[in-house]
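Novice: Each chain, letter by letter, is given below.
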Amino acid sequence: MAADPLWSIRGTLGGARYLAIAGVGFASLLGGWWLLAGSGLVDPVFLPTPTAVARRLLGWYADGSLFADIKISIGRVLGGFGLAVLMAVPLGIYIGSFRPVQAFFEPLMEFARYLPAVAFVPLVLLWVGIGEGAKITLIWIGTFFQMVLMVSDNIRQVPMAQIEAAQTLGANRGEVVSLVVFKSALPGIVDTLRVTLGWAWTYLVVAELVAANSGIGYAILRAQRFLQTDKIFVGILLIGLLGLLMDQSFRLLHRRAFPWLHLR
Amino acid sequence: MNPAPATCIRIERLGKTFRGQSTPTLQAIDLAVAEGEFVALVGASGCGKSTLLRLIAGLEAPSEGQVCLDDRPVQGPGCDRAVVFQDYSLYPWLNVLENVRFCRSLRAHTRDASESEVNSAVERAYALLELMGLDEVRTRYPNQLSGGMRQRVAIARALMAQPRVLLMDEPFGALDAQTREVMHELILRLFEIERSTIVFVTHDVEEAVYLADRVVVLAPQPGRIDSIHPVALPPPGARHPDLKLAADFLHQKKIVLDRIRATSGVQRDLDKLSRLAELSRRDRRPDTKPTAGNH
Ligand SMILES: Nc1ncnc2c1ncn2[C@@H]1O[C@H](COP(=O)(O)OP(=O)(O)OP(=O)(O)O)[C@@H](O)[C@H]1O
Ligand SMILES: [Mg+2]
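Taken in order, these protein sequences are the chains called A and B. Quick note on the working numbering: the first sequence kicks off at 26 and runs consecutively. Quick note on the working numbering: the second sequence kicks off at 73 and runs consecutively.
To be clear, the hints were calculated from the coordinates, so they are not data collected in a lab. Note that CB positions come from ideal geometry on N, CA and C, so glycine has one too. A couple of the hints might just be wrong.
Chain B stretches covered by chain A per the calculated footprint, using a threshold of three residues with CB under 8 Å from any CB of chain A [said to hold, decoys possible]: (1) 140 to 154; (2) 171 to 180; (3) 204 to 218.
A few chain B residues facing chain A, derived, Cβ under 8 Å [unchecked claim]: (4) 134; (5) 160; (6) 163; (7) 165; (8) 192; (9) 194; (10) 198.
Label-pair ranges, simulated between beta-carbon atoms [what the hints assert, rightly or not]: (11) A/112 <-> B/102: 27 to 33 Å; (12) B/313 <-> A/36: 57 to 63 Å; (13) B/136 <-> A/199: 50 to 56 Å; (14) A/275 <-> B/90: 38 to 44 Å; (15) B/182 <-> A/112: 31 to 37 Å.
Next comes chain A alone, as it looks inside the complex (with noise of 0.2 Å):
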């Protein structure tokens, strides 16, 4: 008997039954919310019920704020994270592809990233003041370094072959690098943003946490001043939704530019 598709290793999966058993995850999560919070065990400051949180959020939109402070907080995230990409792409290559600039870097980047990003936020207060630069470079500090860590990584993932091929066909070093070494890690270093855009919210948080007058993140905080319990849990959702969806963009994007990784 042939073994059944559905549950034999690294089966195979339809896109709608995937995003049908994806929905009852989602739906027991809440379910199991419910129930807890509608039983009255627990008492509603400590957790609110969904439908509490719900009016909440429709109370957050009808008061004007909620869209205010979604784009403020993306705008910070996409700042920080687009700063150290900008940045830490071209070093992970330069890095990952020679030998002296990763004697003097890797040390450097090893260091640093053990330096915790948190305890900079004093620093950072008293360099760049308590504007948007505070969140951008807070963000930055959380994510450059792990990035430039990882992008190097995948550089030198790319098979010595594929270099040698190309060296042997006449391609100089720029057309090495270029055409081959970044082509070749481009789908491992998408990958690499994605995971570190889920650091960037969450540095992004702890910025607004400490040092801001908007976003999510304050919202959350002065929520927790007056003890509204819902609103912090409308925010914690909020942000999680939206580093999902911008999760799943990623994916998207990563389909569309690599087909070949995903024919098979």
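Here the structure of chain A is known, so what remains is to put chain B with the ligands in place on it, guided by the hints.
Specialist: Just chain B with the ligands now, with coordinates in the frame of chain A:
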């Protein structure tokens, strides 16, 4: 009688010792490959065949001696010596046609190209695809191809650069016997049409004798030339797979095989094996007692 063809590759007192190793991998290699000649390198695993090929390609630097191409010492890899690797060297993000045309995106091939050269390059790409039987699949990506097709693309990509020398390192090592046979006919046909100089590494003696003008046997530790066997077979265009069953062919194959056996220490390994067999026989004796029932 034709005048002797010019020497294409001249290898002089070539030696290679890898960093951190005390014994040389290759020692005192002397070999001249003539223009348009097909030379096969065979030898025990680890004797340095790939290393020799990589030295000719310029992918490794010699520790001693030198490799000359047309009397100029090889300094590094270049488009006059294309290499076909065993695997993993196709570009997965390019389709078949783009892989074959890859060298046309390099300055080395477009720098001084006139329009007619560009046009003839386009024609050459299509001609190569046709010759290699890749016409149908030219818009496919490498991961949609079988192993045999992938190697054909790799060969077409190398030939597209119109190299003086084609270097191949076990290009059919990962293919099954039938595909291999098809590839042999293809290579012979190509060799007849393109008349390029080929250095071909293989561990398959039959393949070496069937394809090459000369078979070079390398001996291991340190890698050195043990013997060179000119092959007396009809010209490439007239070879046929049935030849592999002819007494004369088998005889030539046996001579080469015997040399490889003599140099590879297989005898020593066989002695070790029989000692191992003896040991395990002794170990097994106590086990032959029936195991105690546990119920
Ligand atoms: N880059 C390297 N650094 C150190 N040692 C190496 C390197 N490349 C090859 N060697 C050593 O040189 C010897 C010859 O290797 P080589 O790959 O040339 O053998 P080969 O004849 O091609 O073997 P096979 O038939 O298994 O492919 C081996 O002992 C190998 O360990
Ligand atoms: Mg080898």
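Novice: Confirm or reject each hint.
Specialist: Do the hints match the structure? See the list:
Here the region 140 to 154 of chain B counts 6 residues with a CB under 8 Å from a CB of chain A, which clears the bar of 3, and the coverage holds. With 6 residues having a Cβ less than 8 Å from any Cβ of chain A, the region 171 to 180 of chain B passes the three-residue criterion, so the hint holds. With 4 residues having a Cβ less than 8 Å from any Cβ of chain A, the region 204 to 218 of chain B passes the three-residue criterion, so the hint holds. Hint status for residue 134 of chain B relative to chain A: violated, with the closest Cβ pair at about 17 Å, above 8 Å.
For residue 160 of chain B, the suggested interface contact is upheld, since its CB lies about 5 Å from the closest CB of chain A, less than 8 Å. Interface restraint check: residue 163 of chain B against chain A, minimum CB-CB distance 6 Å, threshold 8 Å, status holds. At a threshold of 8 Å, the smallest CB-CB gap from residue 165 of chain B to chain A is about 5 Å, leaving the interface hint in force. Annotation: residue 192 of chain B was flagged as interfacial toward chain A, and the flag is violated, the nearest CB pair being 18 Å apart, outside 8 Å.
The closest approach between the C-beta of residue 194 of chain B and any C-beta of chain A is roughly 17 Å, which is over the 8 Å cut-off, so the hint fails. Evaluation of the residue 198 of chain B hint against chain A yields a violated restraint, the C-beta minimum of about 19 Å exceeding 8 Å. Checked against the given bound of 27 to 33 Å, the beta carbons of residue 112 of chain A and residue 102 of chain B, roughly 53 Å apart, lie outside it. Between residue 313 of chain B and residue 36 of chain A, the C-beta spacing of about 42 Å breaks the proposed range 57 to 63 Å.
Judged by the Cβ atoms, the range 50 to 56 Å given for residue 136 of chain B and residue 199 of chain A is violated: they are separated by roughly 32 Å. As the Cβ distance of residue 275 of chain A to residue 90 of chain B is approximately 42 Å, the hint placing it in 38 to 44 Å holds. Separated by about 33 Å at the C-beta atoms, residue 182 of chain B and residue 112 of chain A satisfy the suggested range of 31 to 37 Å.
When each numbered hint is compared with the structure, violations occur for hints 4, 8, 9, 10, 11, 12, 13.
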